[in-house]
Amino acid sequence: MATLACVAFSSHERACAIDDFEDKIRPILSVHCFECHGGNEDDELKGEVRLDKLSQDMVHDRASMEIWHDALDAIQLGEMPPEDATPLGEKDRKILVEWIRENLDRALESIKGSSKGIVMRRINNAEYAYTMTDLLGLELDYAKDLPPDPVSKDGFLNNGQSLGMSSMQLQVYLRNARAALEKVLVEGEQPERIVETIKENCGFRLKGQVGDNSDQLGRAQQWIGVTSTLAVDGPITVRVKVRTNWREGQPVPRLGLRMGYFVGGLTTQFMKKVGEVRLTSGDWTVVEFTSRGELLPRPEASVPRDKLSTLFVLENTLDDAKPKPKQITKREEPKKGKKPKQIKVYERDADFPQIFVESVELVMNDYSAWPPPSHRRILAAGEDLHDPNSRRLVIERFLQRAWRRNPTNAELDVWCQHFEIIRQASHSDIEALRETLAASLASTPFLFLIEPESDSENVRLLTSSELASRLSYFLWSSTPDDALLQMALHSDHGDLGNQNVSNDGAILSTIEIEKQFERMWQDPRSERFVEQFCGQWLDLDSLQRVAINPQYYKSFDDALKEDMVAESKEYFRHLLRHDLSALQLLHSDFTMLNARLAKHYGIEGPTSQDFTPISLEGTERPGGLLGHAATHMAGSDGVNSHPIKRAVWIRERLLNDPPAPPPPDVPELEASAKGKSKLTVREQLQVHRQKDSCGDCHRSIDPWGIAMEHYDAIGLWRDRVKQSKEAVDARTALPGNYSINGLEELQSFLIQVRRQQFAKALVAKLMTYALGRSLDLADQPVIDELTERFVDNEYKIRLLMRDIVTSEPFLNR
Amino acid sequence: MNMTQSQLSRRNVLRAAGITLALPWLESDANAGTETDAMQGSAPGGKPPKRFCAMYFPYGVAVPGKEHQDAEWNWFPDGEGSDFRFRKSLEVLEPVRADLTVLGGLSHPLVRKIGGHDSGDTFLTGADFRVATGLKNSISLDQFAAKTQGLGSATRFSSLVLSTDGGVGMPTRANTLSFDAKGQPLPSLNRPAAVFERLFSMKEDSIEAQRRGLTRTGSHLDLLLEQASDLNRKLGMQDQRKLDQYLSSVREVEKDVERAQQWLDVPRPSVNAQGLSLEADDNTPGELIKTMLDLIVLAFQTDSTRFATYQFGSMHGAISIAGKFPQLLGMKKNMHGLAHGGKKPGGAAQQGEWDRFLASQLGYLIQRMKDIPEGDGTLLDHTALLYGSSNSTTHTNLNYPLIVAGGKSMGYQHGQHLQYGKEVPLANLYLMILNRLGVQVDQFADSLGTLDI
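Those sequence lines, one after another, are chains A and B. The C-terminal residue of the first sequence carries number 813 in my numbering, and the numbering is unbroken. The C-terminal residue of the second sequence carries number 453 in my numbering, and the numbering is unbroken.
Think of the hints as simulated: they come from the structure by calculation, not from any bench. Don't be surprised by glycine CBs; every beta carbon is placed ideally from N, CA and C. Don't take each hint at face value.
To be verified - Computed spacing ranges between beta-carbons, pair by pair:
id	chain 1	residue 1	chain 2	residue 2	range
1	A	Pro27	B	Thr133	25 to 35 Å
2	A	Gly208	B	Gly46	21 to 31 Å
3	A	Glu288	B	Gln240	47 to 57 Å
4	A	Thr290	B	Arg211	44 to 54 Å
5	A	Asp23	B	Gln240	42 to 52 Å
6	B	Thr133	A	Thr268	49 to 59 Å
7	B	Lys422	A	Pro661	25 to 35 Å
8	A	Asp579	B	Thr133	47 to 57 Å
9	A	Pro304	B	Gln240	49 to 59 Å
The shape of chain A in the complex, shown without the other chains:
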């Protein structure tokens, strides 16, 4: 009986148990258990647990499932059978444990509730922020005040079952929508453009500033400007007049701008990065940065405006990972009537391309047009909100885009009516429109991907607009653009709100879907897929949860964590964008590095912070995800490697074969054994595996991690464990009795023996993400089919994704 649970938990480590209670299980139980937990009605039952008459159908009998669960725990903990009962032999024990777990897994699966498939799915925080930005044409920090999304059992943030709703969120949605629409839909005259020119690099010192103030930006200089006006909202442009002495062959310098404010009298500044521009011109040029006041740090409303100043910090942000120059003390030319002072400056590196700054111009209220284009997208020129028809059209158009479907006439009536109600208490039509539209951005059709069930059938084809949403949330983590939506709406027959779900003529053809897929793939918004999927699949956030212990890693800079995460993401992106085989995730002869990470690895090549493909041939560094420092660090406790973490990661993320969670009351690893005062981690695990209760699972977990023992918490090779000085031993035996030594052999094993499992795992992970739900038994045939095609297509992820969007589960609900 091939249940999914069976496949997921045990396909390779355990033969599936045979569902044959009477033949195999009852005999064992009667010898070891029934004496206390069975027999005659009058006999005393131990712990009120009776096993002989307990239902074996755990799926339909929850009470029995609970008791079997307890029984399993008791057996695994070695509590049962007790010492005075007939001891349970290793073989019988295994049969019993497997049978119970097998049935339990199936029962657990059945109450998990996901097998019913799709559930109306709230867009998650990242999707919400992208959706608002794309829909309104205004980028703000929309997700800032939302509570973090829950991670699903499969490791994803877009699982409809896990995503919840609360009043706190709803209030934030409403507040955000109002704030954004107030900026998008404008009234009155165009605010006056304010232009300020700052010629001087003032003497302002930033809190914690490393470097000296200068017009010439090298490795450790800042150009700092101050002006008393503060841009709190509206578009701003900063123009900087600069040149560089960059020469061909040198890495390209970049001008970075940070902006913020300070309160007169306080020593703290509040700064944020605005942008970065590459420079090669030796002639004076004007470089432009654009932002909005709302995106910059803003003081509380109660701080008086006249105490506030805007700060500009310009830096040469090129980072070639060379050491920062030394600080030297210099005598400052005395100002008139003042005494000469000793000042501290930083040495200059003649080989480092310098940037020269002449002046900075700040333009506030820098609207490209009035009303701005985002306003015109909602309210076209000539449309008059006084006119009921015009008004209806405006509201309809917006609802269509916000809801990713056509509003019904009845809905439209209600929303237009709402406008009128709001209008009575508003100063203007625009104000009422803002309010009305804001409400729609807290409504169910906006916040949820809704695919109602069919009245008649279990499964139905999605309407074109539902499909368009699935496509865009898969590839862009956002709402369909106008091209996709219009195409979908034109293929949808009739009224979607009252949809007749069986109108199968409505669906887009496979060719149309693939065409849209290709178009969307080319669009820069598909970068969000890389960011979201890769981050969630590989759990790259986990690096932020590891604190590297400076006692053991003295020179480790936490900023390197970001580069490590970027290596894995950039590598995934590279494979994806160049149609390379996904098997290179397991093993590869190159990786993506920037100067900082290359230096960490001790590899030559990159000369800036940009990631480039670097061949690993001739280096000791392994390629593929298992060679990435991010993987090693995530699988560490900040001091030492954590082989179990690493093993679980491989089985969960790369093989989609997560080990069962530990039973309650897990005993701790023994730190000592007779005759030896202290055991190495490896030895502790060995003791651990020898215990029956732990060994059942750990024999199939630990080896995966032990093979990676040569890599420490920061992803560097080690011959000895830093803390204990013990020599590293990465020899182990993988399930199936494959003896290996170290990472390289683990990689070969994966490629040779587990290639198919990995391929299937990646298909399942991508499918889970694409559908926004956990997979179940019903999905298995499609997963197998897609895996076959994936293999035939030389493991190209793009082609797999294309196959997914035209697969049965993606097209149906």
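Following the hints, complete the assembly by docking chain B onto the known chain A.
Using the frame of chain A, we list chain B on its own:
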């Protein structure tokens, strides 16, 4: 800044800037009369309100036996009754010994059977929280008092729900201690700036504009309900549940709007953020926790709410951002690692260091509250604090390490170490807390009676 400000003291500049100097924890008592009168005194003239705050930490504590080389790192004090001696972990609480009671032996009977790392969700609920019963939780102590019993209705916010991780997390690894009447988790706030903003932020809009905004929100909510119920008819069971959550959220906002309308004419307490590390985050655990505690004190002091919960970390070893706190504070392992090492040689001492750090946070909170005069006593006298975990040692859902502090005006007698038998459910303590808050019920969760502290 190297300009003219150097001549002015920071204080003068602030004054000149018109920023209210409501920094009760920075300013000495001498200023209390002039500076803090800007603050909303709690229930001026009347009797100070009764409050409750619960704090939770994951994975339990070090409990080495008497023979153990690290026996002195056993979290529980030596000796019982009033004649007890703090061991190393809690000795930081010596200065406030008379203000607290240490309790041992208590636990939630229904929770004893579930996975050791699964019990965090039930700390304040005591629910029968098993996979077999659909992982259904029940209302938490704070929400029962604040919402069901209406004790939270007199303030601007009925409760304040805080954590390190934020949001709701996932079942068995909740990022919140608070659950509503349906057992749904209430999202927690985890950024100090967001908490401050929620409690005290100044709205630039006029009262009139705010009133108009609230009225509109009210009418939006009707529309949103209508829009959603239209959907209701078309949905299957699974969707229905999600929709229900949305609908109850809308109704909840409705109540909040009503409440906000009532509070509109009452100016928000003027509290200045300077002196609070509102930007503290998970990279500076000491500062982060202190700031959150400061915010709880401020919320109580200004009577913005009377109920608060704060989860220092969840038991999701792989996901809780708090896991790394001990290491950031210079300890050897992360939280989970410390807990698991508790029985290894030297492990209890290592875990004890962390227990001690947490205890010192509690000590800070108690002292802060004690330093704030209120009515005929102090803020602490009118606030019952509950501090503890749902594990004794890791994975063991028994013998919770618990401390009850404050609340003298509600009848609490402190300076004790009390041990209970396994037959006493923790809910007995909760019932007592409820009764002393003025809730006249004779049962909470699976309580069998009450305690007397």
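> Between Lys422 of chain B and Pro661 of chain A, does the beta-carbon spacing fit 25 to 35 Å?
Replying inline: 26 Å, holds
> Between Gly208 of chain A and Gly46 of chain B, does the C-beta distance stay in 21 to 31 Å?
Replying inline: 48 Å, violated
> Are Asp579 of chain A and Thr133 of chain B spaced within 47 to 57 Å by their CB atoms?
Replying inline: Check passed, 49 Å falls within 47 to 57 Å.
> Between Thr133 of chain B and Thr268 of chain A, does the beta-carbon spacing fit 49 to 59 Å?
Replying inline: 51 Å, holds
> Falls inside 44 to 54 Å, the C-beta gap from Thr290 of chain A to Arg211 of chain B?
Replying inline: 37 Å, violated
> How does the Cβ-Cβ distance of Pro27 of chain A and Thr133 of chain B compare with 25 to 35 Å: does it lie in that range?
Replying inline: 32 Å, holds
>> Holds or violated: the 47 to 57 Å window for the beta-carbon distance between Glu288 of chain A and Gln240 of chain B?
In response: Given about 52 Å between the Cβ atoms, the range holds.
>> Between the beta carbons of Pro304 of chain A and Gln240 of chain B, is the distance compatible with 49 to 59 Å?
In response: 52 Å, holds
> So does Asp23 of chain A sit 42 to 52 Å from Gln240 of chain B, Cβ to Cβ?
Replying inline: For Gln240 of chain B against Asp23 of chain A, whose Cβ atoms are near 43 Å apart, the range 42 to 52 Å holds.
Of the hints listed earlier, those the structure fails to meet are numbers 2, 4, in rising order.
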